[in-house]
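Undergrad: Sequence:
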Amino acid sequence: MPELPEVEVVRAGLQPAVTGAIVAGVEIFDERSLRRHQPAAGSFTDQLSGRRILAAVRRGKFLWLPLDSGRAVVIHLGMSGQVLLRTPGATTDHLLRIRLSLEHPTHGELWVNFVDQRVFGSMAVDAMAPTADGLPGGYSGTVEEDAPWRDHIPTQVAHIARDPIDPSFSASAFFALLARKNTGIKRALLDQNLISGIGNIYADETLFAARIHYEQPASSLSHAQATTLLAAVRTILQRALAEGGTSFDAQYVNVNGQSGYFARSLEAYGRHGTPCSRCGTLIVRERFMNRGSHFCPQCQRLR
DNA sequence: CAGTTAACCTGTCAGC
DNA sequence: TGCTGACAGGTTAACT
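When you line the first sequence up against the working numbering, it's residues 1 to 303, in that order.
Careful, some of the hints might be misleading.
[As the list claims (entries may be wrong)] Derived Cβ-Cβ restraints for the label pairs, each shown as a range:
no., residue 1, residue 2, range
1, 191, 29, 30 to 36 Å
2, 287, 68, 44 to 50 Å
3, 180, 105, 50 to 56 Å
4, 134, 298, 42 to 48 Å
If you're looking for bench data, these hints aren't it; they were derived computationally from the structure. Note that the Cβ used here is the ideal one computed from N, Cα and C, for glycine as well.
Produce the complete structure using the sequences and hints provided.
TA: As structure tokens, this is what we get:
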């Protein structure tokens with residue numbers, strides 16, 4: 001489940017189940033899902049076995065579980081990853097790549113199944129480093145202030161920008177980056193080094209809301225346009241999160257395998273050939289960055 | 001250097 | 001009923 005709202009749905013579902021639990025077992029069914037694990041400090045299984053999970057944290061589309069070893073399990077869902085909580089003994093999920101068996105002091109035994117059709121996602125145990133700004137590494141719900149992992153971030157996530165619903169996100173810094181980007185605004189929105197958490201669906205939705213053409217040069221946006229766009233990003237991500245994320249099929253589900261409801265609220269993504277809700281002009285789909293870009297040719301003019 | 005493209009993968013669905 | 005090609009919500013290495 002790829003974009004910020006879908007990943008946050010997973011994080012929120014994981015947090016109460018895994019916080020305080022001990023990793024009692026690790027089963028690897030497909031080594032490719034460990035592509036991002038650097039074995040120099042030890043194998044994935046060795047780094048994880050017997051460790052206690054302290055929290056569930058997210059920045060953009062990256063998720064991590066800090067461990068009592070000072071390291072963290074980093075999870076990225078890629079295009080098709082799922083994290084499913086199962087009762088031990090449950091029937092094997094199709095396309096299961098990795099399974100963690102947890103022992104929780106009060107909830108008992110639990111399976112955390114990492115399922116991933118396309119294997120673009122991954123799990124890895126990674127070192128933590130202090131954040132560059134000394135602020136919290138990501139969102140972890142309501143957690144004690146002095147936890148040592150709080151102002152740290154996994155090294156493989158350090159280059160990812162803060163996301164727009166992070167209280168520490170700097171709008172002025174983001175506007176300054178946009179102002180010197182010589183590329184289209186959609187490319188900039190999808191660049192996780194500028195702003196994280198936005199993918200193809202929410203890029204199209206927010207540009208539609210802000211009435212900006214996807215190829216409009218990022219540096220050409222007025223301050224007012226950039227402000228409108230960021231406000232749209234925040235509003236739409238929050239609404240999608242409140243509705244449990246966007247699901248077109250059983251691929252994008254929460255930790256219990258349930259779909260979200262935001263798909264019915266989409267105004268542009270996947271709506272090509274249907275009338276724009278504002279002006280009635282047919283929504284167009286164009287090929288862009290090897291994917292689809294959906295927009296209203298009347299409301300979103302290139303200028 | 002910044003910007004853009006290719007590669008990594010499997011499953012599903014439309015069209016023949 | 002196959003077969004083929006298009007398509008899918010992301011990231012990063014390697015191009016230009």
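Undergrad: Now, for every hint given, state plainly whether the structure supports it.
TA: For each hint, the structure was consulted:
1. 191 to 29: 30 to 36 Å: Holds, since residue 191 and residue 29 (Cβ atoms, about 33 Å apart) stay within the stated range.
2. 287 to 68: 44 to 50 Å: holds (48 Å)
3. 180 to 105: 50 to 56 Å: Holds - the Cβ-Cβ distance for residue 180 and residue 105, about 51 Å, lies within 50 to 56 Å.
4. 134 to 298: 42 to 48 Å: holds (47 Å)
Hint compliance for this structure: no hint is broken.
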